[in-house]
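Protein chains: 2
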Amino acid sequence: MARIKIGVIGAGSVAWSSKLIHDLLHMPTLYGSKVYLMDINEERLRLLKGFAERYMSEIGGNYEFITTTDRLEAIRDADIVINTAMYGGHQYYEEMRRISEKHGYYRGVNSTEWNMVSDYHTIWGYYQWKLAMDIAGETEEYAPNAWLIQLANPVFELTTLIARETKARVIGLCHGHMGYREIAHTIGLDPDKVDFEAIGFNHVIWLTRFRYNGEDAYPLIDKWIEEKAEEYWQEWRKTQVNPFDIQMSPAAVDMYRRYGLFPVGDTVRGGTWMYHWNLETKKQWFGPTGGPDSEIGWEIYLTHGEAWLEELEEALKNNSPLAPMFPKGLTGETIVPLINSLIHDEPGTYQVNVLNMGAIEGLPDNIAVEIPATVDGKGVKRPQGLRLPGRIMKLVLWPRMLRAEMAIEGFLEGGFQVLVDWLMLDPRTKSEKQAEQAWQEILSIPGNEEMKKHYR
Amino acid sequence: MARIKIGVIGAGSVAWSSKLIHDLLHMPTLYGSKVYLMDINEERLRLLKGFAERYMSEIGGNYEFITTTDRLEAIRDADIVINTAMYGGHQYYEEMRRISEKHGYYRGVNSTEWNMVSDYHTIWGYYQWKLAMDIAGETEEYAPNAWLIQLANPVFELTTLIARETKARVIGLCHGHMGYREIAHTIGLDPDKVDFEAIGFNHVIWLTRFRYNGEDAYPLIDKWIEEKAEEYWQEWRKTQVNPFDIQMSPAAVDMYRRYGLFPVGDTVRGGTWMYHWNLETKKQWFGPTGGPDSEIGWEIYLTHGEAWLEELEEALKNNSPLAPMFPKGLTGETIVPLINSLIHDEPGTYQVNVLNMGAIEGLPDNIAVEIPATVDGKGVKRPQGLRLPGRIMKLVLWPRMLRAEMAIEGFLEGGFQVLVDWLMLDPRTKSEKQAEQAWQEILSIPGNEEMKKHYR
Chain A
1 MARIKIGVIG
11 AGSVAWSSKL
21 IHDLLHMPTL
31 YGSKVYLMDI
41 NEERLRLLKG
51 FAERYMSEIG
61 GNYEFITTTD
71 RLEAIRDADI
81 VINTAMYGGH
91 QYYEEMRRIS
101 EKHGYYRGVN
111 STEWNMVSDY
121 HTIWGYYQWK
131 LAMDIAGETE
141 EYAPNAWLIQ
151 LANPVFELTT
161 LIARETKARV
171 IGLCHGHMGY
181 REIAHTIGLD
191 PDKVDFEAIG
201 FNHVIWLTRF
211 RYNGEDAYPL
221 IDKWIEEKAE
231 EYWQEWRKTQ
241 VNPFDIQMSP
251 AAVDMYRRYG
261 LFPVGDTVRG
271 GTWMYHWNLE
281 TKKQWFGPTG
291 GPDSEIGWEI
301 YLTHGEAWLE
311 ELEEALKNNS
321 PLAPMFPKGL
331 TGETIVPLIN
341 SLIHDEPGTY
351 QVNVLNMGAI
361 EGLPDNIAVE
371 IPATVDGKGV
381 KRPQGLRLPG
391 RIMKLVLWPR
401 MLRAEMAIEG
411 FLEGGFQVLV
421 DWLMLDPRTK
431 SEKQAEQAWQ
441 EILSIPGNEE
451 MKKHYR
Chain B
1 MARIKIGVIG
11 AGSVAWSSKL
21 IHDLLHMPTL
31 YGSKVYLMDI
41 NEERLRLLKG
51 FAERYMSEIG
61 GNYEFITTTD
71 RLEAIRDADI
81 VINTAMYGGH
91 QYYEEMRRIS
101 EKHGYYRGVN
111 STEWNMVSDY
121 HTIWGYYQWK
131 LAMDIAGETE
141 EYAPNAWLIQ
151 LANPVFELTT
161 LIARETKARV
171 IGLCHGHMGY
181 REIAHTIGLD
191 PDKVDFEAIG
201 FNHVIWLTRF
211 RYNGEDAYPL
221 IDKWIEEKAE
231 EYWQEWRKTQ
241 VNPFDIQMSP
251 AAVDMYRRYG
261 LFPVGDTVRG
271 GTWMYHWNLE
281 TKKQWFGPTG
291 GPDSEIGWEI
301 YLTHGEAWLE
311 ELEEALKNNS
321 PLAPMFPKGL
331 TGETIVPLIN
341 SLIHDEPGTY
351 QVNVLNMGAI
361 EGLPDNIAVE
371 IPATVDGKGV
381 KRPQGLRLPG
391 RIMKLVLWPR
401 MLRAEMAIEG
411 FLEGGFQVLV
421 DWLMLDPRTK
431 SEKQAEQAWQ
441 EILSIPGNEE
451 MKKHYR
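Listed in order, the protein sequences are those of chains A and B.
When we follow the numbering used here, the leftmost residue of the first sequence carries the number 1, and every step to the right adds one.
When we follow the numbering used here, the leftmost residue of the second sequence carries the number 1, and every step to the right adds one.
It is worth saying that the hints were derived from the structure and are not from the lab.
A portion of the hints provided could be inaccurate.
With a straight-line Cα cutoff of 25 Å, these simulated SDA-like cross-link-like pairs (lysine to any residue) come out [said to hold, decoys possible]:
| no. | chain 1 | residue 1 | chain 2 | residue 2 |
| --- | --- | --- | --- | --- |
| 1 | A | Lys433 | B | Leu279 |
| 2 | B | Lys433 | A | Thr281 |
| 3 | B | Lys430 | A | Pro364 |
| 4 | B | Lys19 | B | Ile66 |
| 5 | B | Lys167 | B | Glu141 |
| 6 | A | Lys433 | B | Ile66 |
| 7 | B | Lys430 | A | Lys34 |
| 8 | A | Lys34 | A | Asn62 |
| 9 | B | Lys381 | A | Val253 |
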């Protein structure tokens, strides 16, 4: 089995990195490899290193974990580069959101139809994109044979951009498609026995196949909606504590009715402004928390992230066993099995984001689609000619693609006009003065000096 | 010289048909041909027939002019089918506009970014599109070797639709590109000596080449803007009587500044809502009439149409000479020279609308672009690899293309959702209830029964 070098950029996201380490420890075929955990936050790295060593000694495994604040040290000659880095702290984005709202843009100028996800930073993600492009550029130069796994959002835009503009062999990854399991579970099916397919763009994927025991199981969804949904929602409205508990929400069912296929995972967080006008609307569609992308749900999410960190710190300090914090066996995240397939030329099917190149009919070749594909040592082998209904193509994917193209244009070419026109397609805009002033103030916050220059 | 059959559908548009007849009379290579003038308005046909015969006897020529209310009679075995038919009277669309405005959609739900033209009927043009598709279908069946010249708007959408969905050999035609002559004239150049190119989509074309005496003449536009524009506008604001006199308006110059190329012809009527919020805004950008697509300008246009009809009727009644009503020689409309090129395999360069197929880089193959192309007996030979700046591609053509795709999807597949989502991208929308109610009332007016069924 090959001993490889894995460079993890942005490893300081402890909740995510600890799961990665867990899965690596459960993948003996990669034993002997070196894992470079890179971040600019040294305290997090120390914590992570402590966790990795302790957990390895607890459950067994054989890796060399190296922590570093030097990005190039992690990337140079790596076989796998993982980008999971988010530029800036959450507060940076919350400040741009606050200013947006002052100017009439509830939840921020970055939120648009089919991208309401609060940290899927597109038009205002200048530094995040720059960071991703720097990582891709360094991978291209210092690890030309590496696979670059793009986990940092916005996966849709960044996979597209990196694949278009660099030679890095990029694969975008997200776990949102696992939402099919919640669908199955809720309507009373065993998720492990479901045969599913969900395709589209990252965070905008639609259930194109849903089979159970060899038969189409869509009728079972319809039956659940007709007979059980109301009762389910009544209970859910009383008990929803996790704002992400929306896979079977009224929003999801309404989207299914309107667009013809069931939305999967983060797709449910999207939709046009009709689901998102304000907190009241969000509560109606996404439950009492308003879903993850309301002011309530997002606050819960941000707080929860810190809670997990504290839990881990506590466990390390007390020398209590770590295994109970994780599921038995692999977590279900596909990154470690995917790495195994790439490195050992062991074909497997994974949900990946790659340039379309004929995979989904009716979309340009050079836009990143999310599809199930065979991955082996040669990389991603796309299926060809997958299809989505015209309604989803033209009412969902095209508007979403337009936003991606506008943001890419803005990132590559700069200029104020793209920011203005971004908001001229937004039902929250009442005048171009409003749009201009919102952007002027956003560009003027401390830290945005370079971004302001780019967009002047 | 070939004697051919030309079928003109919607010939009752007298202002346009009289110019067609004028040009035919000035094209001896087509003498001996039969011209079928088809309309459902018999009175107009009588008037037109009277005009054609009188004018031919006045200035010479040799055609057989046949009027008919039977569309198939005009199309069957034709060599050229011209569709210039507009479904319904202007009042039909004015009623939909009136209802739209009642619900907060100034100038109607059909007006969108980069299509503010008041009779460029896209999303509410159900019957107009159906008529065009019927004509294309009959051409396909009864005149399979004919060229179908699509003059009726929306040329962009209908050329795309017909080329995708039928085998009719369609060429979309518009005279908006002639606006380059106004640019030249205003800045003091002889329009006849200008070498120009303007490309994009119909009504959304941008000056990609503007040369004079072998040199780039864009600097002369810049100089005019810097030194003369203010003075020109001062005078223009006092004297504008023709609402279409906007080629050198502040709107045009502002678009040039924002997007990097000068907008040509009807393109100036477009833009985002920032040029069109209300009459006051329109006046600021398009002069005291508010441009052709304000309530003032549009009223002038509709009235003017009737005025020309009366003038012609008067001239016929009085037996006064008709030639003074027309320019000397060809009008400058390209349709008759184009027919000559197609029929006699005489290569010529024309501004046409055809499926892209590589003509403009970065656009799908199956969308109709407006480009200059060589036309001969084999049809349109597209140039390849024309380019537009990213700013225009992503901020103008992509949003415009999205609207076309949404309208095409709506026409082909129906359903209420496309109408709702059409308005969910509109800054005039404040709630989905507003959008739904506007459409419900529009679909409920007398005459819209079939359309309502289609969109239910």
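Hint check:
no. : hint                : result
1   : A:Lys433 / B:Leu279 : holds (17 Å)
2   : B:Lys433 / A:Thr281 : holds (12 Å)
3   : B:Lys430 / A:Pro364 : violated (32 Å)
4   : B:Lys19 / B:Ile66   : holds (17 Å)
5   : B:Lys167 / B:Glu141 : holds (9 Å)
6   : A:Lys433 / B:Ile66  : violated (57 Å)
7   : B:Lys430 / A:Lys34  : violated (55 Å)
8   : A:Lys34 / A:Asn62   : holds (9 Å)
9   : B:Lys381 / A:Val253 : violated (49 Å)
Checked against the numbered hints above, the structure breaks hints 3, 6, 7 and 9 and satisfies the rest.
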